[in-house]
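Visitor: Got chain P sorted already, so can you dock chains W, X and H onto it with the hints?
Chains as they are written, first to last, in the numbering used here: chain P, 7 to 101; chain W, 21 to 350; chain X, 3 to 223; chain H, -19 to 528.
Derived by calculation from the structure, the hints in this document are not laboratory data. Keep in mind it's a predicted model, so treat the numbers as computed, not measured. Any given hint could turn out to be false.
Said to hold, decoys possible - No farther apart than 30 Å at their CA atoms in a straight line, the calculated lysine-lysine pairs in the DSS-like style are these:
(1) W:131 <-> W:190
(2) W:66 <-> H:331
(3) W:243 <-> W:294
(4) W:84 <-> H:522
(5) W:126 <-> W:66
(6) W:153 <-> W:131
(7) W:307 <-> W:272
(8) W:84 <-> H:482
(9) H:522 <-> H:490
(10) W:307 <-> W:153
(11) H:482 <-> H:522
(12) W:272 <-> W:126
(13) W:294 <-> W:272
(14) H:10 <-> W:66
(15) H:490 <-> W:66
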Amino acid sequence: MSHMTQPDRYVLVFLALLALTAATVGLTYVDLGAWHSIVGLTIAAAKALLIVLFFMHLFRSKSVIWVIALSGLFWLGILLILTLTDYATRSWLTY
Amino acid sequence: MDSVPLFPEQATAHAEQVDALFFFLLLVSGFFIALIAGLLVYFSIKYRRRSDADRPAATASSLKLELTWFLIPLPIALFIYIWGAQLYFSWARPPDDCMEIYVVGKQWMWKFQHLRGQREINELHVSVDQPVKLTMISQDVIHSFFVPAFRIHQDVLPGRYTTVWFQATKPGKYHLFCSQYCGTDHSRMVGTVIVMEKRDFEIWLAAGGDGSMAAEGRKLFQKLQCVTCHSADARARAPVLEDLFGAAVHLKDGRTVQADDGYLRESILDPDAKIVAGFQSIMPSYKGLIDEEEIAQLTAFIKSLRPGQTPRRNEEAEPPLALPIPRKTP
Amino acid sequence: MSANHSSLAHHFADHEQQHEVAVLGMWVFLATELMVFGALFAGYAVYRAQYPAEFAAGSRALNIWFGGINTVVLLSSSLTMALGVHGAQVGRRNVAVMCLALTALLGTAFLVIKGFEYHGDYVEHLVPGLSFSDQDWLGREPHVHPEKVKLFLFFYYTMTGLHGVHLLIGIVFMTVLTILAWRGRFTPQYYGPIEVGGLYWHFVDVVWLFLLPLLYLIGPR
Amino acid sequence: MSTATLQPPSEESRPAPMEVNYLDVEYGVKSWLLTTDHKRIALLYLISITIMFFLGGAFIAVVRTHLLTPSGALLDADTYNKFFTMHGIIMVFFFLIPAVPAVLGNFLLPMMIGAKDLAFPRLNLLSWYLYMFGAAFTLWAVLSGGVDTGWTFYTPYSTASSHTNVIPAALGIFITGFSSILTGLNFIVTTHRMRAPGLTWFRLPLMVWSLYATSIIMLLGTPVLACTILLLAIERTLGIGIFDPALGGDPILFQHLFWFYSHPAVYIMILPGMGVISEVIPCFSRKNIYGYSFVAFSSVAIAVFGFLVWGHHMFVAGQSVFAAMVFSLLSYLVAIPSAIKVFTWTATLYKGSIAFDTPMLYAFGFIAMFTVGGLTGLFLAALGLNVHVHDTYFVIAHFHFIMVGGMVMAYMSGLHFWWPKMTGRMYPEGWGRLAALIIFVGFVLTFLPQFVVGYLGMPRRSHHYAPEFQVLNVMSTAGASILSVGYVLPLVYLIWSLGYGKLAGPNPWKATGLEWQTPSPPPPDNFAVTPTVTEAPYQYAKGVNVVG
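Just chain P, with the same shape it has in the complex:
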């Protein structure tokens, strides 16, 4: 992609985002059972990644920016996982 100009690259990313959005909306009419949300969130994550990497220039940012972005995710993970640990294991010991 190095021969492309920056705006061309943006438009390309945008088209990819539109395609993924179409896929998300289309998902509504398919029954995937338990996979439904997982697929939906994966598509969202892919779109988010495109935006963060290219529109937000993370791809060519210094490592400190990567560290900040990843620690944001890491702390979000702490919050979600440890909270859900409680709820997921309440039935393990019933009296």
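Guide: This is chains W, X and H only, laid out in the frame that chain P set:
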């Protein structure tokens, strides 16, 4: 109480175990406090500044020493952790032969119901050497059931049962506190646990009592017309409740749950939450129509139901005081 | 070094340091913002795990087309935003002004569409606290407990509401940037505010990308 | 190798010693209220948090007096509940959390790294205004009748039961939270991008490391609290929400979200204090800190692990047994880096040249109190034992040992240590030592009996209590009255020293940090020439400064 106590009474075996850990921790802390304080004092005297021109040489840090004081506290900490966790389990898991008592906390009193029918407020009579399991719920905000002499403590939540158990080893009167702040008279939400000799307790139990909790529950079961659907005959439109308690229940959505206190309570208040496989959602919610004590009575009744004991439908039933409005059926 | 000294604050050594500081500051701020939404995500996860049927039913009651169209609007605004930053970076003032204005406009369009959607929900009695009737709900999905559907709707309004507030701040931010850019305040050396505004805008966009499946697409329709 | 070596070599290039300092550069109220100078903002914070400290202290003084008798004759129950709540809210959110970072951190961080200011000076001023705005909301809540939920705002009491001003108090905390977030953001960016040439990460003073670690917590914890408070406010005002079982919600979720912030917040309070101690101990023992990198990394480790342990506030709250075990295990792991710090400070004294000036006395107090507080933390993290002491005075004593014995002592230590730098004047040393001694004695007498009465089973937040607890409570109140004398004394002599203290000179302690290489009080831009750093910090043995 003339003397000033510095240590709480031990009225359960659990209390002794908790205190053992407590003393062990005192020992460990005492050692480290003495070590640090001793070193501080010793260094302060030995290396006090004698002249403003003092320029002591720099000390290079030794990795060995650093690792030592990283690695020595670690196993001590883990040892304490395992000890504490083991005590926690014994606190959390009641033995099978427990006498059950239902507890309702509300601003600002404790209400107790014995299965045999006695009801008490802010006083709880139990027998010595008898394991007791409390099934507790709050009618308003969070309270906490705390008996220092037993070293037990459990928050009492609205909307959900929590349990705690103890086995008193010494007759006497013990403080009961609410330790979770619950409003104006939080510190008046106190009571007494009265541990009696077995014989005295039997006498006490037999004295009061205008019918057991199960009997009260049975009356409710008929008064609220539960029996109309939960009948044990061919016309039953709802699951038979005999021998239900403790059994596994298969639900419409494929899950299997155990029929415990929490399940029965939920099924009374929110029947649609867990619909038994093979049945329709036709039961109205009894939320707001019965209080926590009545729910406990119904639960006690259902627990006591053995095959063939479901009341007959044509049995004389009082008309319901307030009939829940049945929800529109599809 | 720089012709435009007024754009360099006194405590920085040069423009590069100033620019890096601004960008770094915004990224750190976005990590904070992520945790604001994080608390809502945690609550959402807890209750969705407990009441899957109600959450699915609540989701079915929402109009996927509003969500879908709004996604396209927001993505377009992200494109114009990225192009605007690029324009400022290479010193094409007109491109920058146009793109920033367009970004603010698309953001406004999103909010207007969202407003219509909220209105529709209100009419259909889907707003707990304002207009919600258990009877209407039971007519819609009789087997689903209205009390817990309200929980879902609570998350729906809180999450989209919080997102909307962020977008509103973004629109104000963009409007100010448009005016400043139009007045020629920015140079290829000094365009930090636009870059930083862009980071914020894209972040708000990313949050929406997750709200879409979490709120509108819980199960098949 | 004498005192003369402490003068920077750049002496010649520096303007005459009579140059203008940050206090004299401008005059008038406006020059203070609109300042963007980090040093002036630090002083604004100093004044505000001092007022809040004494306000919070006044509430607890009444509470402790009330607790002299078991039946509690002084206050009625509702007033009592409001008083301890206001004490908690004011002390936690308006004193302990901002104290060291916003006052000492604001003043010192740019100077310690050789910068002219923080990265975002205007944001810094905004933080102070947000703090004041939040404080105003809280004071409004106090004046219009108070709030009685406890500083923890547990649901459903706070949303469905309390009839007091929960919303204004909560909003006050919400707003102040943003002040905290912006301060953290400023510190992190400043530390990353504003360091003087040659000042690599491992040449940073440990105070900077701990402020950095503190900022991580402020940034990633505070927003969760803000959002939780928002949800609480919605639930209370609109009657829809997610915490009240009557609405289908779960009160335990509130506790999870609340403690996700409020446990790490404890480290917001103590970490900067540890930073202060790590500066004071080397200076007054003229030694390099023992094991620099261990201390530095333990700060960051505490910040990260601090986020993994919040569930230990909920061992009897009704969370799952398994989750409780996970949280307990993680709690023991966070104890290790704290232990390392204590060992390290002690080892730094070894073969030093120890002087006993006021800051050092407080530092000794800190180490002793923090050790006791930390070790009693082991009691509380032990699951089975926690079941007994949960929500009793044992907990109160434990966290006051950390907060008051630890954090406030560190704050006092730092305040005395850098007072000459901030004001250009020395405080009276004799009075300083006396006050330190009084505070130490008063503190121990106040809180040691509370461990005993807690283990006996006295629940916290008690308006009245069983008669057998009285003797211990009287001891505690007696201690508190000594403590209050100890706190008023510095207020008096520090204000006195502003006019009458002896002139300090740039480096009265012969310390090595960059902040001591510039006049006291410093010029508006801190350094006449941006310093270049060539060495690790705390090179006391060489007797030379670190400015190359």
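Visitor: For each hint, tell me whether it holds in the structure or not.
Guide: Here is what the structure says about each hint:
A distance of roughly 23 Å separates the Cα atoms of residue 131 (chain W) and residue 190 (chain W); the hinted pair therefore holds under the 30 Å criterion. Between residue 66 (chain W) and residue 331 (chain H) the alpha-carbon distance is near 8 Å, which keeps this suggested pair within the 30 Å criterion. The hinted pair formed by residue 243 (chain W) and residue 294 (chain W) meets the criterion: a straight-line CA distance of about 24 Å does not exceed 30 Å. Pair hint residue 84 (chain W) plus residue 522 (chain H) holds up; C-alpha atoms about 25 Å apart against a cutoff of 30 Å.
Between residue 126 (chain W) and residue 66 (chain W), the direct Cα distance comes to roughly 61 Å. Violation of the 30 Å bound is thereby established for this hinted pair. This hinted pair checks out: residue 153 (chain W) and residue 131 (chain W) have alpha carbons roughly 15 Å apart, not beyond 30 Å. In summary, the hint linking residue 307 (chain W) to residue 272 (chain W) is supported, as the alpha carbons are separated by about 22 Å, within the 30 Å threshold. Distance restraint check for residue 84 (chain W) and residue 482 (chain H): the Cα-Cα separation of roughly 46 Å exceeds the 30 Å cut-off, and the hinted pair is therefore not satisfied.
Proximity of residue 522 (chain H) to residue 490 (chain H) is assessed by CA-CA distance (about 12 Å); at most 30 Å being required, the pair is judged to hold. Note on residue 307 (chain W) and residue 153 (chain W): the hinted pairing holds, with a Cα-Cα distance of about 26 Å set against a maximum of 30 Å. Proposed proximity of residue 482 (chain H) and residue 522 (chain H) is supported: the alpha carbons are some 28 Å apart, at most 30 Å. A distance of roughly 35 Å separates the Cα atoms of residue 272 (chain W) and residue 126 (chain W); the hinted pair therefore is violated under the 30 Å criterion.
A hinted pair counts as satisfied when its Cα atoms are at most 30 Å apart, and residue 294 (chain W) with residue 272 (chain W) qualifies at roughly 8 Å. Distance check on the hinted pair: residue 10 (chain H) and residue 66 (chain W) sit about 53 Å apart at the alpha-carbon level, beyond 30 Å; violated. As the CA atoms of residue 490 (chain H) and residue 66 (chain W) are separated by approximately 22 Å, the hinted pair is consistent with the 30 Å bound.
Hint compliance for this structure: hints 5, 8, 12 and 14 are broken, all remaining hints hold.
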